[in-house]
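Put chain B with the ligand on the given structure of chain P with help from the hints.
Chain by chain, the residues run as shown.
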Amino acid sequence: MTGMIRPNTLALCLILFMTGWMTGCQTPASHQNDGFYDQLGQRSGIADIVEDLLFLIVDDARINQSFKGVDVQQFHRHLTDQLCELSGGPCEYTGRSMRELHADMAITDTQFNALTENLILAMEKNKVPVGAQNRLLEKLVPLYPDIRNL
Amino acid sequence: MIRILTFMLLLPATLPHAQASDPGSRIWATGGVTTIEGSAGGGLVPWALLSGYASDEEWGGTLSLSQAKVDDYSLTVQAASLNWNNRVELSVARQTLDLDSLVFVLKDGFGIEQDELRQDVFGLKVRLFGDVLYTPWGQWSAGVQYKRQRDFTVPDTIGARDDSGTDLYLSGSKVFFASLFDRNLLVSGTVRATRANQGGLLGFGGDKNNGYEFMAEAAAGILLNRQWLVGAEYRQKPDNLNFAEENDWWDLFVAWVPDRRLSLTAAWVNLGDIATLTDQQGLYLSLEGSF
Ligand code: HEM
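Residue numbers (the working numbering), protein chains in the order written: chain P, 1 to 150; chain B, 1001 to 1291.
Just chain P, with the same shape it has in the complex (with noise of 0.2 Å):
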């Protein structure tokens, strides 16, 4: 998850769905992929999750500071990406580290437990159901970490 934009990986997928031979470009992790990543949604879904967690930090003064001036369009595609390639999807994460993103806002837990509040609650209005959210957290919860920057 970590690094650049591979525009090689991309052309080359590119190809190959042209080509009809899709399943080459997607991570090992969709391989395993029952049900869980189609239950979000899968990435328009996820895509709909994204946009009501925004809409829930901007009204959560806990954190929304911290997110001010930000690129929208931009944090919007790459956390659905993050989301999707986590979540087994066929999606590749092309930001930067977490743990390089999040290092300056010295983030605590009260910020840490708000963002996660929010995507619980988005979640729930997109009516995931509980399995696939607690899924979804699994795979979260080992970033803690890196965005906490400990």
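Simulated from the structure, these hints should not be mistaken for lab results. Hints should not be assumed to be uniformly reliable.
[As the list claims (entries may be wrong)] Mimicking DMTMM-like on lysine to aspartate or glutamate, the simulated pairs with C-alpha atoms at most 20 Å apart in a straight line are:
| no. | chain 1 | residue 1 | chain 2 | residue 2 |
| --- | --- | --- | --- | --- |
| 1 | P | K139 | B | D1182 |
| 2 | B | K1174 | P | E117 |
| 3 | B | K1174 | P | D109 |
| 4 | P | K127 | B | D1279 |
| 5 | B | K1069 | B | D1279 |
[To be verified] Simulated DEER-style distance windows between Cβ atoms:
| no. | chain 1 | residue 1 | chain 2 | residue 2 | range |
| --- | --- | --- | --- | --- | --- |
| 6 | P | P129 | B | V1092 | 23 to 33 Å |
| 7 | P | G131 | B | A1193 | 34 to 44 Å |
| 8 | P | P145 | B | R1118 | 39 to 49 Å |
Just so it is clear, CB atoms sit at the ideal spot from N, CA and C, and this is done for glycine as well.
Leaving out everything else, chain B with the ligand in the frame of chain P:
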């Protein structure tokens, strides 16, 4: 939509929402409920969780009222707690044990007129490290419960040595996400050093054993969703008095947390033999408010 969002995020000032009235930022149900000794946990066993919902930049607390009605006794507990920065928990609990049928045993056998036993418990719990949700090794806390028995005549008569005592415990709790049926599983273990007889209601130390002993306590619960937790607890107990055998405790519980502000817990508790009256089982109910 995204355009509107961009505009909102460009707004210079925050929209100061009425967050001050919220009990805190920790995720729903991670405050546990209030034990009969006032510390956060389940019903009978303290967990590594600190009370209420305060996170690292917040403070909060709880008020609770609990009652256990077993065959020959009823126990009422009023408790309050404060949580500072999810680091330190302070608690007080007042327990009142109605002796119901033991009143006659005491009167006929010992000539004692006593219909209740009261005890105060002052608790301090410190989160040492970790977070119950976010860190691989879970959350670890150490605690102290200073207990003061307020009606010592009965415990004194049946062989207890002291009317006050201090329990020390170490507790670890962790939530495993998406475990059984993709539900989150809470597991908690506690080791307690204690001399308390029946938690202290029958005094501390005794004619059979008077020293500190280590007791193991455990709990496990499944979060059906973020409002319902069902599980079980087990609490090993010392056996210090020749007068009557003391047994381990266990319970099966359901906790409903409709909101951070409120929790309601119901449990089936089995307290074993208590002061010669055997196999004490019954219903436990606890109502807790968080602020
Ligand atoms: C599970 C928790 C989190 C995840 C998965 C996550 C994920 C991400 C991702 C993927 C990005 C990149 C978006 C982009 O490229 O524009 C990002 C950026 C950002 N995150 Fe987080 N984040 C988390 C927690 C937090 C918290 C708790 C805060 C602060 C309160 C926060 C504040 C930000 C900000 C302000 C940016 C924009 C940084 C920039 O544009 O330089 N994040 N996050």
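Would you list, in rising numerical order, the hints stated earlier that this structure does not obey?
Violated: hints 4, 6.
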